[in-house]
Structure formats: structure tokens, C-alpha cells
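Novice: Sequence:
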Amino acid sequence: MEEVPTACGTPAQPLPWHSPTLLPRLPPQPTRFAVRVAGGHVYRIPTACVHLDWGMDARDVEVGIMKDLPTELLLGNDLGLLTSTFDDTHTGGVCPVTTRHQARKAPHTDSEGTAVSETSPTLGPDNTPSLTWDSPTDFAQATREDVTLAPYRQQAGREPGGVGEVRFAWDQGKLYRTSGGARRGVDQVPDRQLVVPGKYRRNLLKIGHDIPLAGHLGHMRTLHRLTQSFFWPGLSGDVRDYCRTCEVCQRVGKRGHTRKATLRPLPIVGEPFRRVAVDLIGPLAVPSTTGKKYILTVVDYATRYPEAVALRDIHAETVTGALLQIFSRVGFPQEILSDQGTQFTAEVTQQLWRLCGIKPLYSSPYHPQTNGLCERFNGTLKQLLHTFTMSHKDWERHLPHLLFAYREVPQEATGFSPFELMYGRRVRGPLDLLREHWEGALAKEGTSATDYVLEFRDRLQELTALVQSQSGPNQAEEVV
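Per full-length UniProt numbering, the sequence shown runs over residues 1 to 480.
Note that these hints are calculated values from the structure, not bench results.
For each residue, glycine too, the CB sits at the ideal point set by N, CA and C.
Do not rely on the hints blindly, as some may be mistaken.
The calculated lysine-lysine pairs, modelled on BS3-like cross-linking and capped at a C-alpha distance of 27 Å, are [as the list claims (entries may be wrong)]:
| id | residue 1 | residue 2 |
| --- | --- | --- |
| 1 | K174 | K199 |
| 2 | K382 | K292 |
| 3 | K293 | K393 |
| 4 | K206 | K393 |
| 5 | K293 | K199 |
| 6 | K292 | K393 |
| 7 | K393 | K382 |
| 8 | K174 | K206 |
| 9 | K382 | K206 |
Computed spacing ranges between beta-carbons, pair by pair [unchecked claim]:
| id | residue 1 | residue 2 | range |
| --- | --- | --- | --- |
| 10 | R274 | V42 | 48 to 56 Å |
| 11 | D432 | H367 | 20 to 28 Å |
| 12 | G379 | V42 | 32 to 40 Å |
| 13 | G173 | V42 | 46 to 54 Å |
| 14 | E165 | A48 | 46 to 54 Å |
| 15 | E317 | D53 | 37 to 45 Å |
| 16 | R426 | R397 | 24 to 32 Å |
| 17 | H315 | T289 | 16 to 24 Å |
Work the whole structure out from these sequences, hints included.
Specialist: Written out as C-alpha cells, the structure is:
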């Protein structure tokens, strides 16, 4: 029997009501901003301040008012956490943009208009891609047949017209992109990149962004990771679209931040682990399987190289033991910056500073910006942890993988990856393993220990000089 709606006990017939008066009341002269809609037309629409509650947060937000929207409200990814509190079966999985999960059933094309295979790599129990890659012979054959690479095959073998000009060349059946003068900094391009046919690109994007060793980092860091080894036409746009349509990243969201006013330049530190910043994260909402719910983080000022240790508690004895564990790998610093928590001001901690010859530096109370380097890394690490705890409950097991993902990509302040500044060489990651598989790489002849040490020392001196020159212009963006 159909239930009859009532009002105050009296049967009533509900009447849908749609009226402009239900919209937020606009001021006499509302502010307006431009919106580009599908088709390229630009509208200037009024704004209003409304109170939004989307389950993960609630606050007053300035929104634009438009008629004839396909839904009552369109949320962007600038609100922070947008994890839905509703079942996707009722909402159809509505997201700010169409995610790959929603578009998986439909055929798609890459940025050059070439059809891309709809077959997605299978996922194991940890959502790690279980991929079967073609042999080097099949890869070379695909390179010769891919229509999107035709212009580069025609350019192969031509001499560059000027210093630093990009050229393409064949080597053992593989097509490579080389540049005479590699740019340094966050826009650095390696001297030699393997050109990838269209059928392999989507799986490369998955490895460069989705797996724990990639960490679901943002567009620019994913792009830097891929360009260290590979090239294809439209690579930057493909990476941007892939990251924007990542369902996991959309569910987690990214908190916006406002640039702070510059107070004074930070001193440039040139020696690795001479000055470090330490901080604590926790208690985390989801403990690890071993019962740990805190993380001690240490970040080096010179290289931005991070360390992190999971802790069961944050007593002074536990924290000092974890610090000794880290210092046994990287050496004892001369200065250490922390807040004024009891873990860092306790007598046992002060005794450790005295015995190790460490000068403690403390941030002002209720002013975490003083320790901004470590606080910024903490925010990134918590974002990565939140991303992976959605599918991996044991975050402690994946903590080393997430640290690897952070250390592998260049930092904006230095222009180099923390790993390269720490060890004087590029880290050999999953994408490098894949490139070596396609190239059928042979083991290179080794060098003597003396030559390696001399080359390593010269390399570190060169990197230190480049970092100091790169850090100077970026000081205007950092504050104490």
C-alpha cells in the first residue's frame, strides 16, 4: 500500500516548488567572476556566500550563481576533502570531473587522437598493478608502427641546427629523444629519453602515479618522474588529465593554501644534515597493525631529504631512540629545530643534545610557521597516508614506499630530488626498471673505487653549487 504524505496529521499532496527566491539573497552590487563553459563561451556570473556541508567539512564558501545547471550544486576540488558520505549506487558516482573509474566502460583516445586500449592492468590485493609487458622486440616494432611517432621517426638522424636543440635518433631499434644542453632545476630534462608508443603510455601513467612507490603525487611531480626516462607527444597534457581524473585523488582532495607574506630570507644550508627539522604527526585515526599511531619526521634543510619512523607513543625515551636510529644512518647534525613539546625539552632529550654536540633550536609557541619546512612535509605525508589508507589499512608497511615517492621527484626550492642531492645520483625506480626491460639493457662495465669516489665528490660539489644558485630566487617564497 502506498504511503500517503501528511501535514500535521492531515493527508496532503506535496507540490514541487522551484523559485529564484530559494537562491541566496544577492547584494545590490554583487561581485562577479568569469566562467568558461562547454563550447568556450565565457559568462560573468554573480557570487554569493553560502554555508556548505559536504560531510567531511562545513564552512561558508563563496559560490557562483547560475541558472540551468545539470545539478543543484557543482563542487570543485578546491574545498579540500570531498570524500562522499553517500553510496555511489544512489548518486551515480558524481565527481567534479569524469573519473577513470566512471569512463572505463567507454572507449577513449589519447591527446593525439589515437585509440587507446580499454584493457586496464589487473590489480592485486594491494591495488598494485600486475602488468605483463611486451618484449624489447615487440616494443621496437610498436615504435616503428605508431602513427603518433611518425614526425619523430622522420627527424631521426638529422643533425641539430643549433646548440641545445632537441633531436631524435635510433639506437638498437629504439627511438630516443636527446637534447644538447639539459635544463636544470624543476624544469630539468635529461639528455636521453626513450620515446614510447601509444599502447604503453597509459600503463606508464599508472606506474608513475598510482602505485605506492609513486604516492599519488600531483601533476608536476608525476611529470618530473616520467620525463626522467620517457617522452611521447602530449606527455604533459596526458599527465595532467590523468591526475585530474584519478578517482583516489578526487576522493581525498587537496587542501588549498594561501601564500604568506615574506618576513625575511631563510639562510641557505649547503652541507647535508648539518641542520635538520623534527616534528611529530599523530595520533592518527587509524593505528597500524602493530598498534603504532604516531610518526616522527625529520627533514634535512640542505637536501630536503626526509626520514620518518612510526612510533607507538611519543614519550621522550621513545622519541630519542627513534632519533638515534635515524642519526645512525645519516650522521649527527649540528643544529636541530623543533617545537617546544615536552618530548624535545625533556631532560633525557637535552642530555642527548649535549652528548652529541647538537645545538637545539625551538620555534615560538603557537607559531608552527617557524618550522615550516617540516610542517609542509608533514602535510604532504598525511595526504599520502590518507590516500593509501582508503585501500591499504596497514599504513606502516607502506610508509617506506611513500618516502621513496617523495624522495624521487625534484623539489621546487632546490630543483633536484632529495635522493640525488643526498647520494649524488638518480635513484633507480620502477620506471627505470621498465625502461631497462624495453631496452634489453646490458650491464655496464664498472669503475674502480677510486674513480667512483672522485667522481662522486665532484658531483656533490656541482650539485651543491647549483642548489645554492637555485635556492636564492626561491627565498622570497619562504618565511620564518
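Novice: Going through the numbered hints above, which ones does this structure break? Give me the numbers in ascending order.
Specialist: 5, 11
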